[in-house]
Amino acid sequence: MEDLLCLYAEYFTPFNPIVCFDERPYQLLTDIVKALPCEPGQPPRIDYQYSRQGVCNLFVFYAPHYGWRHVIPIHNSQFAIKKLRYSNAFKVCICIRFFVKWY
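Numbering of the sequence shown is given in my numbering, commencing with residue 3 and proceeding in unit increments.
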């Protein structure tokens with residue numbers, strides 16, 4: 003974790019941007035019963051039953067100094083990495099550093 007914080011604290015240069023990447027599994031859910039409309043002063047009436055519609059992975063690319071982020075919901079990780087490789091956002095990069103966190 004300290005390595006990541008040191009990376010964020012480095013001086014910003016446009017030719018050496020910091021681009022972060024993370025992946026998160028996500029369940030696709032839908033409500034079985036439609037929520038009832040709220041009345042003033044009352045909490046919302048929702049049913050906690052749901053139907054599972056599958057899963058996908060969310061790939062997040064984030065550049066903290068630019069304020070740029072891009073989220074790709076996809077099932078194939080190789081496609082997401084290729085999409086970043088051919089992105090027009092960082093054509094002037096001289097160096098790309100990877101920080102990998104293992105759980």
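Because the hints were derived from the structure by calculation, they are not lab data. Don't take each hint at face value.
What the hints assert, rightly or not - Cβ-Cβ distance ranges computed for the label pairs, FRET-style:
{"no.": "1", "residue 1": "Gly-43", "residue 2": "Tyr-64", "range": "23 to 33 Å"}
{"no.": "2", "residue 1": "Phe-14", "residue 2": "Val-57", "range": "34 to 44 Å"}
{"no.": "3", "residue 1": "Ala-11", "residue 2": "Val-35", "range": "41 to 51 Å"}
{"no.": "4", "residue 1": "Asp-5", "residue 2": "Pro-27", "range": "42 to 52 Å"}
{"no.": "5", "residue 1": "Ala-11", "residue 2": "Ser-53", "range": "38 to 48 Å"}
We put the beta carbon where it would ideally sit given N, CA and C, even for glycine.
Among all the numbered hints in the text so far, which are the ones the structure does not match? 1 and 4
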